[in-house]
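Peer 1: I would like the entire structure built from these sequences, with the hints used as guidance.
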Amino acid sequence: MQVFKNIYEYRELLKTNIKKDIRGKYKGSFLGVLWSFLNPLLQVVVYWIVFPYLMGRAGTADNYLCYLVTGIIPWTFLTTVATLGTPCIKNNEGIIKKVYFPREVLPISQVLSSLINFFISCIIILIFCVGTGAGISYHLVFLPIIALVQAILNLGIVFILSSVCVYVQDVEFIVTFLLNMGFYGTPILYQLKMFEKAGMLVRLIQLNPMTTIIGAYRDIFLYHQWPDMIALGIVFLFSFLLMIVGYMLFKKLEKGFAEEL
Amino acid sequence: MENMENAIEIRDMTKYFKVHNEKMHTLKERILYFGRGQAEIHRVLNHINLDIKKGETVALIGTNGSGKSTLLKLMTKIIYPNEGTVETNGKLTSLLELGAGFHIEFSGRENIYFNASIFGLTRKEIDERIDEIIEFSELEDFIDQPIRTYSSGMYMRLAFSVAINVDADILLIDEILAVGDQHFQDKCYAKLRQLRDSGKTIVIVSHSLGVVQELCRRAIWIYHGDFKLDGAPSYVIEEYLKQIALDNQQRRARNKTLGMYKNQGVLYIDTPVESSIYRKAEKTKIFNGWMVTDSAMARLRVSLDGKELEGITRHRREDVYRAYYEQYAGFLDVDTLGWEKVIDLSQLDNGEHQLKAECMEPNGTVLYSMVNIFSVID
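Here the protein sequences come in this chain order: A and B.
Using the numbering used here, the letters of the first sequence correspond one by one to residues 1 to 261.
Using the numbering used here, the letters of the second sequence correspond one by one to residues 1001 to 1378.
Hints in this document: simulated from the structure, not taken from any laboratory.
Check the hints yourself; a few may be wrong.
[To be verified] Within a straight-line C-alpha distance of at most 30 Å, the following computed DSS-like cross-link-like pairs (lysine-lysine) qualify:
| hint | chain 1 | residue 1 | chain 2 | residue 2 |
| --- | --- | --- | --- | --- |
| 1 | B | K1356 | B | K1307 |
| 2 | B | K1283 | B | K1091 |
| 3 | B | K1341 | A | K98 |
| 4 | B | K1191 | A | K255 |
| 5 | A | K251 | B | K1091 |
| 6 | A | K97 | B | K1356 |
| 7 | A | K252 | B | K1307 |
| 8 | B | K1191 | B | K1091 |
| 9 | B | K1283 | A | K98 |
| 10 | A | K252 | A | K19 |
| 11 | A | K15 | A | K252 |
| 12 | A | K19 | B | K1356 |
| 13 | B | K1077 | A | K98 |
| 14 | A | K90 | A | K255 |
| 15 | B | K1356 | A | K98 |
| 16 | B | K1341 | B | K1307 |
| 17 | B | K1053 | A | K251 |
| 18 | B | K1091 | A | K15 |
| 19 | B | K1228 | B | K1018 |
| 20 | A | K90 | B | K1018 |
| 21 | B | K1077 | B | K1091 |
| 22 | A | K98 | B | K1307 |
| 23 | A | K20 | B | K1307 |
| 24 | B | K1283 | B | K1307 |
| 25 | A | K251 | B | K1054 |
Peer 2: Structure follows, in structure tokens:
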């Protein structure tokens, strides 16, 4: 309970931090905040042009453009949290050495600002859904629940990464690689059924929680059906557990932050 | 907390720092040298037990490196003890490092919000206090300008004003009362006195024993990481000064037997200041300054244009004593630190003159010297 009391007391700090995260990142660039939407969009265009040639029509799904958008934008949510969240303690060395405040405010605000960004990006997904003829349905009411599951997963990840990063700075580079690997280990560009004969590999991809989460997003945006509740429930439990473990690790490592930095 | 009357409770608390010969930061180094203890353990605080009651004003005193600032940092929870516990009860503000979270590109007003939010204030609470903060900082005309345009004094004034107006139950202060000009300092002291009298708990680390005596009702002396003495400030300070004097004499004696010791001295010429100009019409002028030394034999030699002056009088200099007691305690006599000599300007020729002061050993070794040039005109 102390956790929630702490966060509540420092809600103003959380708010100013989120504002700084959203506005500060692109400060000085010509297009400003627009970049956080433009980036995944440009990525989509590149894949949309290149991959049908690589995989042939059989590999790409129907309405491939919409399939890509519904995969890449949720994936971008994870990558922003991981790449910006990992050094979030290190980057705030100045204030961490100077004053006490609940350190978890930093990773939490990172996840929340990315979540807000993601919700805004969902408008782009909707535009694509309508534009490509996939349409929109009432299944969208499930969006906040899936986003919440992903946010909890992201929070667990960033608790671990940001606190370990203070002690072992290589984490930042490992994260870059892992994200790259995860991108291909999740059915974002391809359909899972292409790997049916891959045996071990397909098992691993199925175990990836992001596979379930992106699948759920596609169910509600693209296929207009309810997501696989059992699979999503398991991912939620896993994410929740990861968040608890991550928080405990963070709390343990937190005590050395000011000395290690 | 064992006792709810306490604002700060420290129980059997030990803190040490690991000093790595080289900081092992990369994963490779961590794995390669895992378990190979290169780290030296440097104990900073040893088994400290301490209770500070609500509403008390307490000073932590000790020499440099005694661990008192570390103790303060432990109270703020920036760092954590290795053994034992440090518990605090109530909202706490530290004035350890001012201006945390300041962004130089933003205006003073926006920075008040940033800074105060780090101290855990909500927007509403900041809104309520903002006028008071701006008024205290005396920066009304500049408050909407980016703080990169501020002078360092203005910056510190703003930072201090935020910190002191947070309305915390416990205030931790580390030697920061050197903020701004005399007028602002007086204001800070007045504010601190007001906070003290309104029942806030205040913990101060200070080398300025005058401040300790005036502001605090209790002093705690930390000696090389150990809890040494606790009580009324005048008593603790007296014992503390005795110990420093003893330590200095012992160190000197030890170093002397090792043949490593060199006597030291420092002096200063207050008047005349360098390149000053005097009119003969002023007739007489008092030239003065001060000298401290740990050599029992060294004497002050003041010469004007190479000729030694006779009849120099010595007097009391409390300010000099306070500045140098830590280094020279045991060798200083506060009543004879200052020197002065009345000079008859009419005796001097027009033109440049040279006043030289030296701290000289009987064998002619000069420990310290200073020269100021001044001119005499009609």
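Peer 1: Please go over all the hints and tell whether each is borne out by the structure.
Peer 2: Each hint, compared with the structure:
As the CA atoms of B:K1356 and B:K1307 are separated by approximately 9 Å, the hinted pair is consistent with the 30 Å bound. Taken as a hint, the B:K1283 and B:K1091 pair is broken in the structure, with Cα atoms around 62 Å apart against an allowance of 30 Å. Taking the CA atoms of B:K1341 and A:K98, the gap is near 49 Å; set against the 30 Å cutoff, the hint is violated. At most 30 Å may separate the alpha-carbon atoms for a hinted pair to count; B:K1191 and A:K255 exceed this at roughly 33 Å.
For the hint pairing A:K251 with B:K1091, the CA-to-CA distance comes to about 21 Å; that is within 30 Å, so the pair holds. For a cut-off of 30 Å, the pair hint linking A:K97 to B:K1356 is broken: about 47 Å separates their Cα positions. Distance check on the hinted pair: A:K252 and B:K1307 sit about 71 Å apart at the alpha-carbon level, beyond 30 Å; violated. With a C-alpha separation of about 18 Å, the suggested pair B:K1191 and B:K1091 falls inside the 30 Å cut-off, and the hint holds.
Between B:K1283 and A:K98 the alpha-carbon distance is near 56 Å, which puts this suggested pair outside the 30 Å criterion. For the given pair, A:K252 sits about 28 Å from A:K19 by alpha-carbon distance, which is consistent with the 30 Å threshold. Distance restraint check for A:K15 and A:K252: the Cα-Cα separation of roughly 25 Å lies within the 30 Å cut-off, and the hinted pair is therefore satisfied. Under the criterion of a C-alpha separation no larger than 30 Å, the hint pairing A:K19 with B:K1356 is inconsistent with the structure, at around 62 Å.
At most 30 Å may separate the alpha-carbon atoms for a hinted pair to count; B:K1077 and A:K98 meet this at roughly 10 Å. The hinted pair formed by A:K90 and A:K255 meets the criterion: a straight-line CA distance of about 14 Å does not exceed 30 Å. Under the criterion of a C-alpha separation no larger than 30 Å, the hint pairing B:K1356 with A:K98 is inconsistent with the structure, at around 46 Å. Between the alpha carbons of B:K1341 and B:K1307 the distance comes to roughly 14 Å, so the proposed pair stays at or under 30 Å and holds.
Our distance criterion of 30 Å between C-alpha atoms is met by B:K1053 and A:K251, whose separation comes to about 29 Å. The suggested pairing of B:K1091 with A:K15 holds, with an alpha-carbon distance near 20 Å, which does not exceed 30 Å. The straight-line distance between the Cα atoms of B:K1228 and B:K1018 is roughly 24 Å, inside the 30 Å bound, and the hint therefore holds. Of the supplied pair hints, the one linking A:K90 and B:K1018 holds, its CA atoms being roughly 20 Å apart against a limit of 30 Å.
Of the pairs offered as hints, the one joining B:K1077 and B:K1091 holds, with about 12 Å between alpha carbons and a cut-off of 30 Å not exceeded. Between A:K98 and B:K1307, the direct Cα distance comes to roughly 55 Å. Violation of the 30 Å bound is thereby established for this hinted pair. Using a Cα cut-off of 30 Å, the hinted pair A:K20 and B:K1307 is violated, with the two alpha carbons roughly 68 Å apart. Only pairs whose Cα atoms come within 30 Å are accepted, and B:K1283 paired with B:K1307 is accepted, the gap being roughly 20 Å.
Taken as a hint, the A:K251 and B:K1054 pair is honoured in the structure, with Cα atoms around 28 Å apart against an allowance of 30 Å.
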